[in-house]
Every structure is written in structure tokens, then in C-alpha cells.
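S.K.: Chain order of the listed sequences is W and V.
Letter 27 of the first sequence, counting from 1, is numbered 27 in our numbering, and no numbers are missing.
Letter 136 of the second sequence, counting from 1, is numbered 136 in our numbering, and no numbers are missing.
Treat the hints with care, as some may be off.
[As the list claims (entries may be wrong)] One side of the interface only, derived from the structure: several residues of chain V facing chain W at Cβ under 7 Å:
1. S10
2. R14
3. L25
4. D26
5. Y29
6. Q47
7. Y54
8. A56
9. E98
10. F103
11. I144
12. Y149
13. P159
14. F168
Simulated from the structure, these hints should not be mistaken for lab results.
No residue lacks a Cβ here, since even glycine has one placed at the ideal position from N, Cα and C.
Here is how the chains run, residue by residue.
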Amino acid sequence: MTDETPHIDCDEALERLYEYLDGELTPDVEAAVRRHLVACAPCLRIYDFERAFLRFLEARTRAADAPPELRRQLLERLLFDENQLHGE
Amino acid sequence: MPPARPDEASAERRAAFEREALPHLDTVYRVALRLAGDRSRAEDLTQDTMLRAYRAWDQFTPGTNARAWLLTILRHAFINEYRRPRNRAPTVDVSAIEPYTVFGDIQDLDPEGRFFDQIIDDEVLRAIDALPDEFREAVVLSDIEGLTYAEIADVMGVPVGTVKSRLFRGRQALQRTLYEYAVSMGYLKPETP
Numbered sequence: 001m002t003d004e005t006p007h008i009d010c011d012e013a014l015e016r017l018y019e020y021l022d023g024e025l026t027p028d029v030e031a032a033v034r035r036h037l038v039a040c041a042p043c044l045r046i047y048d049f050e051r052a053f054l055r056f057l058e059a060r061t062r063a064a065d066a067p068p069e070l071r072r073q074l075l076e077r078l079l080f081d082e083n084q085l086h087g088e
Numbered sequence: 001m002p003p004a005r006p007d008e009a010s011a012e013r014r015a016a017f018e019r020e021a022l023p024h025l026d027t028v029y030r031v032a033l034r035l036a037g038d039r040s041r042a043e044d045l046t047q048d049t050m051l052r053a054y055r056a057w058d059q060f061t062p063g064t065n066a067r068a069w070l071l072t073i074l075r076h077a078f079i080n081e082y083r084r085p086r087n088r089a090p091t092v093d094v095s096a097i098e099p100y101t102v103f104g105d106i107q108d109l110d111p112e113g114r115f116f117d118q119i120i121d122d123e124v125l126r127a128i129d130a131l132p133d134e135f136r137e138a139v140v141l142s143d144i145e146g147l148t149y150a151e152i153a154d155v156m157g158v159p160v161g162t163v164k165s166r167l168f169r170g171r172q173a174l175q176r177t178l179y180e181y182a183v184s185m186g187y188l189k190p191e192t193p
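Chain V on its own, in the form it takes in the complex:
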């Protein structure tokens, strides 16, 4: 078979990109939204990511993990050009979080965590947005997008052990923030000693 003409080759390239990369657009957008913080920046970051990916498409091995590949590009674009000093929301001090204290606080009151259902979606997203970057990334990739630890390690460029620890601390910090919100709203009424 003769080699494809340049216009045919580029059309094939675009078709392959649309087939393998575009189905992950929603994932890229959702992660961009949580990293960048608002819709307008998330849309720019998503477009930027997809165009970079398209231009680098020859470096992608067909049949491998396109989602992780796109998220890696997204993360680099975010770190290099979109990250700004975090002055939007007070950042949670993850190092001060003790594991399982929320359960300890409410085990007699609401051990099944029914209070979570009363918290509105926007508040959940606000609490995620208040996590420090590296913990927010781990939580978003795992709990919103369902990536495996190995995929998250790949995207974040860290060992799997680091993913475990960031996920653990990020989730516990998030839980603590949502618990305190639920108490402040009166959804939970812990007995004062």
C-alpha cells in the first residue's frame, strides 16, 4: 500500500484523536474544574490540554491509557501556567488531621454517616477545593474520576505509597471539614462534654 498522502494522514490522525482522546473530555474538564477553581479557567485549561495532546499525539501509543496520558498533560499545563497562589479559600492544614476522629466524634450519634446526605453538592465541592493541591489532586483523581492508585501515581509522577498517604490524609481532612460544616448547620448536634 502506498504511504498516505499528507492530507489523508492528518485526517487519520485527527480521527484517531477523536476516537481515543475525545471520549475523555468530560474527565479532563471535571479535573480541570477542580484544579483551576472556576469554569472560565477550567475551559481554557481543558482546551489547552486537548490541543497540546493533539499536537503531541504521535507520542501516544495507541491502545495504552489515553485517560492517564491526558490527565498527565493537564497536570503539567496546570502547574506551569494555571496555578496561582491559593488566596481564594482558606487551605486546610492536612498535617494537623488525626485519622478517624470524625468517626470517634459521632459513633454514638450517627455511626452510619447519614448526616452526609444533608450536605449540599456545592459545599462538598467547596471542601474539596479547600484542600492543598497535592491532596486535592489525589482525591479528585480517585474519588471523582475513579482512577486506580497506579494510574494516579503515573499522572502525579509519585510512588504509589505517596498516593496512598495523600489520599488517606486528603480524605480524612475532607471528612473533618464536612463534619464541621454539618455541625455548624445544625445537621449534627454533638453532645458537649
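Only chain W is shown next, with the shape it has when bound in the complex:
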């Protein structure tokens, strides 16, 4: 059986943590991290904790949309700007 996936140790797995969770790794490095996590329960626990933290942040911070009044004012300003340009 051939296995091309490089081995990484705990230090490297933790260094890659956020890149892995953010989907920023190349496929080969991602596979290496995944392989490490399958074999290493302590690292997996940290990964699970950090994943929960990132999901929590995402869920709690995206609520505010631009106020409707701001959108209306902006559309008015754009129209005004366009008329100014046109009038020149």
C-alpha cells in the first residue's frame, strides 16, 4: 500500500488549526492534518473546542443589517450625485 500523505506532529497540527477550520489549506496538507487528528485524541479535542468557538462567533455576530433609513438616504444621495454630475 502506498501512502503519499505526509506525516505531521502535534506542533504542526496545532499551528495549522485555524487554517484547517477556515478551509485555507491545500488538499495534501489538509489530508495530513485530518490523518493526525484521527490518531491523536488530545489534538482532536482542541480542534473540536476551537470549531465550537468559531461557530459560536459566527452565530452571534451577524445579526445587524444596515438600517432601512440608511439605505433610503443612500439611494437619495446617489440620485442627487447623479443629477449633479448630469447637470455639470
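Starting from the known structure of chain W, arrange chain V on it as the hints suggest.
M.R.: Just chain V, lined up with the frame of chain W:
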């Protein structure tokens, strides 16, 4: 086809702006809110950003990343005209943050991080607002708005490696602040040695 008359051209220009830029208004507003710190300043900063973008619309290449382009304009407007000395909240000393210490502190108590769910939204936003500017920007662009590292690097004008390091330290600092808050509120009761 004859060239469009000036009024037609400007109407087309506005239509293109409304089609490509306006859908990102919520993103611009949310980032402005976290950078500027309060609603009134965030609204001014958002209007300012969108008007600057509209006036510079000819410099935008259609089909490229309008969101990153708008956020770059927002960031410049913020740095040049809206940033003020940070005396609102005590700023976290990010350099003093050790990685993964929160997990180390609670791995026997709450390894799945259930305590996060007890923290109210306002407290999360307050903790983000207390981060130093460059770390707050990275965290907001990534964790609130979901930009890729490359997009954040583009907006902040720094290499991707810098984005990684700011994101890493910013997230760890944020986690530490929220952990300490949870302990102070009694959501977590670490055993004292």
C-alpha cells in the same frame, strides 16, 4: 451603436452601482459598526464609503470582487477620518496572549465549550470591540463576514501570513476575554488549585 447620452450614461452607471455594490451594504454597515464603535458613526462611515465608491465607480472592474473593493474603501475612510484614540474600552494586550490556554484551563470542566452559549451577544461584541484595531479588523472580516485570508490580505494591504498571525492572536485574545467573563459571571467554576 451611438455613444450613450450623458444622462443615459450616468443612469447606467448608477444602475451598475446599485446592482454590484449595493447588495454589500449590510456587510459594509456591520464592519463599519465594529470599526467605528457606535451606530451614528457607523452610519456616517457607511454613507461616506458608499458615496466614495460611487464616485470612484469607473475604477472598479466589473465582475471582480466588489465586496473586497468596498471594504478597502471603508478601511481607508476609517483610518483617515474616523479612527480616534481608543479610550472607550480597555484594549486587550494581544502580545501577552498564550495560545490554547483557555482550552488548557477548561479541558476537564467544559471541553466542548458549552459555556459560550451562555454569553449574551452584546458581551461578544464588546469583547470584539476591545481588541486592538488590526486584530479586530482581521477577526471581523473573517469571523463576522466570512472573507478568505486572501481577501482580508487584499483589504488590509498586508501579506497573507500577517492575516494568519493577526487572526490567530485576535481569536485567542477574544476567547480569553470571553472565558474570563464567563468565570466572572459564574457560568464556569474552575477549581482553584
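S.K.: Given a cut of 7 Å on the nearest C-beta pair, is the interface hint for S10 (chain V) held or broken against chain W?
M.R.: With a closest approach of 5 Å, the S10 (chain V) hint holds.
S.K.: Is the interface hint satisfied for A56 (chain V)? The criterion is a beta-carbon contact with chain W at less than 7 Å.
M.R.: 12 Å, violated
S.K.: When the nearest CB of chain W is found for Y149 (chain V), is that gap smaller than 7 Å?
M.R.: Constraint on Y149 (chain V) satisfied, holds at 5 Å.
S.K.: May I ask you to test the interface hint for F103 (chain V) with respect to chain W, counting a Cβ-Cβ separation under 7 Å as satisfied?
M.R.: 5 Å, holds
S.K.: Grab the minimum C-beta distance from L25 (chain V) to chain W and call the hint holds if it beats 7 Å, violated otherwise.
M.R.: Holds, about 5 Å.
S.K.: Could you check if P159 (chain V) really has its C-beta closer than 7 Å to a C-beta on chain W?
M.R.: 14 Å, violated
S.K.: With a cut-off of 7 Å on the beta carbons, see whether Q47 (chain V) makes it to chain W.
M.R.: At about 6 Å, which falls below the 7 Å cut-off, the nearest Cβ of chain W leaves the hint on Q47 (chain V) intact, so it holds.
S.K.: Double-check D26 (chain V) for me: the hint is only fine if its C-beta lies closer than 7 Å to a C-beta in chain W.
M.R.: With a closest approach of 5 Å, the D26 (chain V) hint holds.
S.K.: Quick check on the hint: R14 (chain V) CB to chain W CB, less than 7 Å?
M.R.: 5 Å, holds
S.K.: Go through the hint on Y54 (chain V) and say holds or violated, using the shortest Cβ distance to chain W against 7 Å.
M.R.: 6 Å, holds
S.K.: When the nearest CB of chain W is found for E98 (chain V), is that gap smaller than 7 Å?
M.R.: 12 Å, violated
S.K.: How about F168 (chain V): closest beta carbon in chain W under 7 Å, or not?
M.R.: Nearest chain W Cβ about 6 Å off; hint holds.
In this structure, the earlier hints numbered 8, 9, 13 are contradicted, and the remaining ones agree with it.
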